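As given, the protein sequences belong to chains A and B, one line each in that order. Here the first sequence is numbered in the numbering used here, starting from 1 and rising by one per residue. Here the second sequence is numbered in the numbering used here, starting from 1 and rising by one per residue.
It should be emphasised that the hints constitute simulated quantities derived from the structure, not laboratory data. Incorrect hints may appear among the rest.
A short, non-exhaustive set of chain B residues, derived as facing chain A with CB atoms under 7 Å [unchecked claim]: (1) Ile123; (2) Ile126; (3) Glu143; (4) Ser144; (5) Asp146; (6) Leu284.
On a predicted model such as this, the values are computed, not experimentally measured, just so you know. All C-beta atoms in this analysis are idealised placements derived from N, C-alpha and C, irrespective of residue type, glycine included.
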Amino acid sequence: MLRMAVMIKQVPDSQDITIDPVTKTLNRTQARNIVNPPDMNALEAALQLKDKYGGEITVITMGPPMADSALLECTSRGADKAVLVTDRVFAGADTWPTSFTLATTAEYLGGFDIIFCGEETTDSSTGHVGPGIAEFLGVEQATYIHSIDYQDPYFIVEREIEGAVETLKIGKPAVVTVVLNANNPRKPTLKRKIEAFRKGVITITNKELKLRPECVGLKGSPTVVKDMKTIVDKPKDTVKVGPEEIPKVVEVLTQRGILKC
Amino acid sequence: MSDFDAIVVGAGNAGSSAAIYMANKGLNVLLVDRADPPGAKNLSGGVLWGNDLAQILPKWQSEAPLERFINNKKLGFLTEKSSFMLDFKTQIFEENKVGYTVLRSKFDPWLAKKAKEAGALVIPGITVESLAIKDRKVIGIVESGDTITADVTLLAEGVNARLAIEAGLKRPLRDSDVSLGIKEIIKLSPQKIEDRFNLKNNSGVASEYILGFLGELNVGGFLYTNKDSISLGVVVPMENLRENGVTHSYDLIEMFKEHPSIAPLIEGGQVAEYGAHLIPEGGLEMMPKLYGNGYMILGDAAGFAFSNGLVLQGMNYAILSGIKAAETAVEAKLRNNFSEQSLSAYEEKLNSTYVLKDLKTFKDIRKVTNNPMMYNTYPKLLESIMLETLWERGQPKKKIRDVLSSCASNLNMGKIKTLKEFYYIYRRM
Chain A
1 MLRMAVMIKQ
11 VPDSQDITID
21 PVTKTLNRTQ
31 ARNIVNPPDM
41 NALEAALQLK
51 DKYGGEITVI
61 TMGPPMADSA
71 LLECTSRGAD
81 KAVLVTDRVF
91 AGADTWPTSF
101 TLATTAEYLG
111 GFDIIFCGEE
121 TTDSSTGHVG
131 PGIAEFLGVE
141 QATYIHSIDY
151 QDPYFIVERE
161 IEGAVETLKI
171 GKPAVVTVVL
181 NANNPRKPTL
191 KRKIEAFRKG
201 VITITNKELK
211 LRPECVGLKG
221 SPTVVKDMKT
231 IVDKPKDTVK
241 VGPEEIPKVV
251 EVLTQRGILK
261 C
Chain B
1 MSDFDAIVVG
11 AGNAGSSAAI
21 YMANKGLNVL
31 LVDRADPPGA
41 KNLSGGVLWG
51 NDLAQILPKW
61 QSEAPLERFI
71 NNKKLGFLTE
81 KSSFMLDFKT
91 QIFEENKVGY
101 TVLRSKFDPW
111 LAKKAKEAGA
121 LVIPGITVES
131 LAIKDRKVIG
141 IVESGDTITA
151 DVTLLAEGVN
161 ARLAIEAGLK
171 RPLRDSDVSL
181 GIKEIIKLSP
191 QKIEDRFNLK
201 NNSGVASEYI
211 LGFLGELNVG
221 GFLYTNKDSI
231 SLGVVVPMEN
241 LRENGVTHSY
251 DLIEMFKEHP
261 SIAPLIEGGQ
271 VAEYGAHLIP
281 EGGLEMMPKL
291 YGNGYMILGD
301 AAGFAFSNGL
311 VLQGMNYAIL
321 SGIKAAETAV
331 EAKLRNNFSE
341 QSLSAYEEKL
351 NSTYVLKDLK
361 TFKDIRKVTN
371 NPMMYNTYPK
381 LLESIMLETL
391 WERGQPKKKI
401 RDVLSSCASN
411 LNMGKIKTLK
421 EFYYIYRRM
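Chain B extracted, bound-state conformation:
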């Protein structure tokens, strides 16, 4: 007889969602997290799309510690002196509030509290040492020499999934699997935020940027508005950092903050928190086998996150994978069978959701998002087209075709090669 029906390692979005679902279905669940309060060490950019959360917590919009709902998405291309913004604002987001900015240090403890209310035993402040394995089956976890057993162990331990890796259930991370995210939370009064970003009634903006002024580095930026703070950060592929010998990665966020189109937005703000975290971006290539005898792997630990340059998501993937793993555990409990074969239902379930569908559809997306042209060249191209078109300098005007070709040739972009590139990107996005 095991101590628990299920042990969940990690109280992030994936782990807590799984614990809530299983506890609601009457399973005896242990949810353990290294931080106290649980989840307090978790970090992400900070936009939550809550459709999946509604499955387990229908009242999440009124109960969760949410910051602002997103009614404005922006995509910006920055060069040293210019910014080119796509700015999409819609009443439709206002009518269907599902995207919210959140602060994980508030949101995750709340989600873990919901797991406790559902009946899970939530133990914070404990770092699990290893998985307990007997006869090639995961039978629980080990801490301070004690083994705590469960019929099934759900590994929601985050991107650097130490337990899974050490047990040989997942290969170690490679540079190509991850990007480094560096983030600051900058305090500003709600009034200032609303004035600067043209917001009202708790609405918010989520902006992603391509930083085209950092030479060989493929750096993306983000800026999200919270109630009384701004979440701002940069994301850079680990491989790219290493290749360029960049050791002071935190300088990148400073350069982003100093950009002429960013600095006025955060002026007068005080940095209240900062942090860095790895972001799984390796997609299918880094995805481990998702289940085996007595275990399943969830969320970031499984590499479930998505970025195509326009959107950067992970929390919703974590929640949905948590729910699907929990469903599988509940069904396995009914069959009283926690074998690899029984838990394979987890992957089947994920196959019919966007979690695995997106990873398959966009399996080559890194070639676009990590394409150096995207960072080094296209922002400059946009800048020169805009200057050529909009800057009156007493010169004869050109047709758009000629503007394009002269701007492209100034940047040493061959016509055919450029068209090929665009087609390549178009196909994969």
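Looking at chain A on its own, in the form it has when it is part of the complex:
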């Protein structure tokens, strides 16, 4: 039986985010919280592996208490357990202490045969955390994969490289990061949702993990955000065209390969 973990993050829906011109911070108040989209592909990859070979999937996130809804989204789709890693001391973490805290959580939970992550998050786009977890755990990793299979004691993964598809065989235990749209994430069902909501989430704090406060959260973060700017797109020179110019427009678009005639 495979012991699998999926690391997810709750992110604001990127369509709804603006930057506060005064404080230069992201204004997320109007944004709906969703599960980071590639994380859903990571979850689906894990679910498919479970469908094929059996196993148990634990979904883990580090975040504020309200991130429990993101975990429930995952258990509603068939993950078995949900773990929320939350503590004041973990707040403000960049990718370094985040990877460290999540790796420690994986160990605390008894370790996993494979850990799935999304390729990157839509709210910071670093792609650090998956590889970070692998490094902290000292296990093998494959990034940006779009398919995975299991041949004990290996995982066979495919990743796209320029002009080719690379197939890798990596040893158990391993960490993989899954690209956006690698698969078609299943929808939750009411029955699963009822079970998931009833089961709820398991909360882990630093009482359990016992990490040194200077190694986690803001204090443990080497990154400093110095400035943030909103870049306004300059309006392009626009020309008003009448119906008589339509053939010309079509011609230009065809020349540029945007339209096919």
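Based on the hints, put chain B in the right spot on chain A.
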């Protein structure tokens, strides 16, 4: 043994209120809604009269996401170039704050959260496929091939009650049952809103309009002030839209916004949200049988809404019907009897409240609110009377009687016929 004591379909005012009441009484309740967060897809004009809400949430005024309390009600008759307003502002509303503007996309998730706090299992983001029916009894709901069972199912699924209709518990909607409401939420700073509408201390205005400049269409308009936005919209009977072949119904809201008495009120505002929704206005004619073996129908799904041109209400009817259905479910649980006969108490309870009383008292009101004269003629009549009386044009003045008769005859309104019409309206309002 059922999975739940009660399943509530739809986390609007009716469904969430019912779930809160039942969960408070210790019932094992499932509340399911298609939107996530629950109720986020719901839409209405936006004035909530909260007397009934106080029954289940006594602290609603301090806890709910409310916008402004109404201390000013207006009724306006608009013609192409004029507006005639009745403007009622009262300290009494200020002392008894029960009418508030709300934004449903905030209010409904809050109400569903209250249901969760009361102990109901609230599941968002699920569209129920059908009702589970066994031996002519509703035994629960079906989704993705799974049946989730309950002793009683409360259908609070909204005006287009698909589950009830497909199960044959309600007839399909007819054009004559509904009006189409189209609404925009227009962002404006609180300062601008307060200046433009003469408001302070979180007070607000709720205005209803008769739009007398849209030809054959019987269009009503509304404009409500929120904290930092304005809810503005139009309401038009579906039948009337269809008869006139109006396919671009959204043009109507544009024409309302461009009216000379509306445009300055929303100037500089940005449209933040827009939506359209059907409004049940068929009253008793569209009301289904409200209960049967294992089910009850609530709120908009039952056609509980009220409009007489002066007021346009639905949320309070939904809340009260939710409470009454919940009371019935709790009593049925005590008897352990969820048969049609046992649940008939729901209708009896509603009969003694304004929900069914109003529908009966005003059973002919659509003949007034949909009377073409109300839209095509009376606003123009008012306009010409006002012009005749107030516009100094160097002409000899007329007695009011002569003003009336000349204005009426200019609009081809026969005296007797007009008097009859007025009497007709007077009787039904």
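How the hints compare with the structure:
A least Cβ separation of about 5 Å between isoleucine 123 of chain B and chain A falls short of the 7 Å threshold, and the interface hint therefore holds. With a cut of 7 Å, the hint placing isoleucine 126 of chain B at the interface with chain A holds, because the nearest CB-to-CB distance is about 5 Å. With its C-beta approaching chain A no nearer than about 4 Å, glutamate 143 of chain B sits inside the 7 Å limit, and its interface hint holds. Restraint check, serine 144 of chain B versus chain A: the minimum CB separation of about 4 Å is within 7 Å; hint holds.
Interface hint at aspartate 146 of chain B: satisfied, since its Cβ lies 4 Å from the closest Cβ of chain A, which is below the 7 Å cut-off. Proximity of leucine 284 of chain B to chain A is violated relative to the hint, the smallest CB-CB distance being about 34 Å (cut-off 7 Å).
Violated hint for the displayed structure: number 6, the only one.
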